[in-house]
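Using the sequences and the accompanying hints, generate a full structural model.
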Amino acid sequence: MASEDLSGSIFNDDYEQTLCVINTVFVFRIPPRSSSEGYKAENWGEPLWTGKCKVIAIGERCEVRLEDPKTGKNFATCIVNTDEKGPQAIERVLDSTRYFVLRIEDKQKGRHAFIGIGFSERSEAFDFNVALQDHQKLVKRLHEQQENPQVEEQKDYSLQEGEKIKVNIKVKTKGRTTQTSGNTKSGNDDNSGLNDISSFLGTPPSSSRAKSGNSNTPNNNNNNFLF
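To convert a position in the sequence shown, counted from 1, into our numbering, add 607.
Where hints are given, some of them may not hold.
Stated by the list, open to error - Within a straight-line C-alpha distance of at most 25 angstroms, the following computed PhoX-like cross-link-like pairs (lysine-lysine) qualify: (1) K680 with K661; (2) K661 with K677; (3) K716 with K680; (4) K661 with K771; (5) K659 with K714; (6) K714 with K680; (7) K647 with K661; (8) K716 with K661; (9) K659 with K647; (10) K661 with K714; (11) K659 with K677; (12) K659 with K680; (13) K661 with K744.
Hints in this document: simulated from the structure, not taken from any laboratory.
Here you go:
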């Protein structure tokens, strides 16, 4: 089904939607049901008519229309009953997955009859059956939503008065990674360069040697310091 909001349109009789189209369907005249178990397609004989099959949704109602492929003239219509208590409109046969029995109605004369239909491929019969089931599930779900409406609670994600957001940021400096917090003060980074330089310097002279002014003290111009 389409992803649009069908809660209003699905129950609107002016809204018609094509759920499935199968270009070739065979129609059979079937004998009366031989047992309470169901119908069998093995004795149906040759097809009575060949045409196109459409599954149409009109509001809550679903119809199976058999139409002439050239003129589009309607051959027969099966109104699918969505009420489980009503008469069964479509029934699978016992001996095949490609054949079904439809209950067709003549509204003007108030009569109904049963015909058999068959598809050439199992995939076509599968699409036909899935279209009917999807529509029935949709109608049932929308009925349940109308009987038990649930309003989704709107959540407020805005910051309340007095609330703060804490942000942790990793800062990489000279090959080392430090972590600072958005609501804490960062340390003074002005001495970082001096700390790097001091790692290259030698040990300073002792205070006793500096006071004596010993001439043996190496000249600073000839030392091995890098700086």
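So, going through the hints one by one against the coordinates:
Under the criterion of a C-alpha separation no larger than 25 angstroms, the hint pairing K680 with K661 is consistent with the structure, at around 12 angstroms. Restraint check for K661 and K677: the C-alpha separation of about 14 angstroms stays at or below 25 angstroms, so the hint holds. Only pairs whose Cα atoms come within 25 angstroms are accepted, and K716 paired with K680 is accepted, the gap being roughly 20 angstroms. Between the alpha carbons of K661 and K771 the distance comes to roughly 61 angstroms, so the proposed pair goes past 25 angstroms and is violated.
A threshold of 25 angstroms between alpha carbons decides the hint, and for K659 with K714 the separation of about 22 angstroms falls inside it, so the pair holds. For a cut-off of 25 angstroms, the pair hint linking K714 to K680 stands: about 17 angstroms separates their Cα positions. For the suggested pair K647 and K661, the alpha carbons sit about 23 angstroms apart, so the restraint of at most 25 angstroms is met. Between the alpha carbons of K716 and K661 the distance comes to roughly 24 angstroms, so the proposed pair stays at or under 25 angstroms and holds.
Taking the CA atoms of K659 and K647, the gap is near 23 angstroms; set against the 25 angstroms cutoff, the hint holds. Between the alpha carbons of K661 and K714 the distance comes to roughly 20 angstroms, so the proposed pair stays at or under 25 angstroms and holds. Distance restraint check for K659 and K677: the Cα-Cα separation of roughly 9 angstroms lies within the 25 angstroms cut-off, and the hinted pair is therefore satisfied. For the proposed pair K659 and K680, the alpha carbon gap of about 10 angstroms is at most 25 angstroms, so the pair holds.
Our distance criterion of 25 angstroms between C-alpha atoms is met by K661 and K744, whose separation comes to about 19 angstroms.
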